[in-house]
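K.L.:
Given the structure of chain V, go ahead and fit chain Y onto it with the hints provided.
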Amino acid sequence: MPESAKGPVSTEDKAQEDLPQGPEIYPSFCTGCGSPLSKCPGCRLSFDPPRFCPYCGKRLTVYVSPTTWRARCVFHGEIVLSPTDL
Amino acid sequence: MTPATSSPKELSLLLEQARETLVCQHTPLASEELAEIARLAQAALLEDPARIGELLTLAHEARLAWCGDTVEVEGILSAKTGGCPEDCHFCSQSSRHRSPVKATPMLDPDAVLEAARETAKLGATEFCIVLAVRGPNERIMTKLIELTNLVRQDTGLNVAISAGILTREQSMELARAGVHRYNHNLETARSFFPHICTTHTYDDRLLTCQLVKEAGMQLCCGVLLGMGETADQRLELLEDLRALQPEEVPVNFLNPRPGTPLASRSLMSSTEALAWVALFRLGLPGVILRYAGGREVTLGELQALGMRSGVNALIVGNYLTTLGRSPQEDLAMLEELSMPVGALTGVL
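Just so you know, the protein sequences line up as chains V and Y, in that order. As numbered in the working numbering, residues 1 to 86 make up the first sequence, in order. As numbered in the working numbering, residues 1 to 348 make up the second sequence, in order.
Okay, chain V solo, but in the shape it has when bound (with noise of 0.2 angstroms):
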């Protein structure tokens, strides 16, 4: 089928294109603030989940319970922190 047959790009797709592809992605990201951690080595406080996606700096949809917390960017999935991300 021509690319001019398959109908306009969503905005989804386009920003899923504009991210590093690859299968390793790392994390570069402030999950404190969003911004690039060349601008901000790390604001997230102890008693905070992330808020911000790691690998893109977007905002991130966070469930938080009595006894656990689960943090979800709209590209990248599920997010699971190591100890030493910030």
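If you are wondering where the hints come from, they were derived from the structure by calculation, not from laboratory data. The structure presented is a predicted model; accordingly, all values stated were derived computationally and were not measured. Any given hint might turn out to be false.
Derived BS3-like pairs: lysine-lysine, alpha-carbon spacing no greater than 27 angstroms straight-line [unchecked claim]: (1) 39(V) x 102(Y); (2) 39(V) x 58(V); (3) 58(V) x 102(Y).
Not everything, but these chain V residues come out facing chain Y in the computed CB check (under 7 angstroms) [claimed, not checked]: (4) 59; (5) 61; (6) 64; (7) 67.
Yeah, the Cβ is synthetic: ideal placement off N, Cα and C, and Gly gets one too.
P.N.:
For chain Y alone, coordinates are given in the frame of chain V:
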């Protein structure tokens, strides 16, 4: 409050008289007595914080005399997060602040039930479902009633709800549905309230509190200290609570949240926080006084001391949008303090 110096003997004498009233005679303190204790305690905090030890001890004695040694443990869940139309200056869930908290729709019943089951496994007796709304509309009311029945039947937990400003009809409906306790904090003194919120009034909150009591539900009405209010304003709030007579008073300490108008405030000092926990106990000797938000960041290693300074209940685990200490640490603390966990139903 007039700044004053005080001698240790002045405060000791006053506390001894208060002990006679509260513990021996089982009588609430008069407002003037409470105000004088607060004045001297504030002076002691400035001169030598170690002098508040006697105040904390008396608060613990009052708690034991009026409520026993049982600690009520509660889990809370933000069932609808963010996007609140109100502008409470301390809150990261207001849509009016540039907060990193992303708004999410109401959780489905399975997710609420999962959280309730987690709470029950910890030995808690109360589970509070909290919604970031000005007040519940019809759709939310239907869901709240459904969730109340589901959680009660599945876990046996007492269900508390916090869903903003209520009408008389709504409070009656929730009471009929079996809601055990309804939370609606006054947060701060009437005279300071306009500095904290402009989208509704102190009287709006007070009316909901009164409607909850009239409907026959228990009232949970809390405070948030450290927003810039004066000691006199804290006393003003305490007197309003004494008049309102809630069953439970959660004590929150401001945890300055990014993007909110109070983001740059400093944390309250731990000794001041403990002193005011004790003063709230002396003013409300029979109430369920619950450790609530900001406990970990404000008190740090002194959390156990608070349990011996008037507190007889706590929120276990995580809060609405922030994380708490692990439940295991809290339960271990209570075991070390020899404080049994259970439901609190009223004054002994």
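K.L.:
Each hint needs a verdict: does it hold in this structure or not?
P.N.:
The hints, checked one at a time:
{"no.": "1", "hint": "39(V) x 102(Y)", "verdict": "holds (22 angstroms)"}
{"no.": "2", "hint": "39(V) x 58(V)", "verdict": "holds (16 angstroms)"}
{"no.": "3", "hint": "58(V) x 102(Y)", "verdict": "holds (10 angstroms)"}
{"no.": "4", "hint": "59", "verdict": "holds (5 angstroms)"}
{"no.": "5", "hint": "61", "verdict": "holds (6 angstroms)"}
{"no.": "6", "hint": "64", "verdict": "holds (5 angstroms)"}
{"no.": "7", "hint": "67", "verdict": "holds (5 angstroms)"}
In summary, this structure violates none of the numbered hints.
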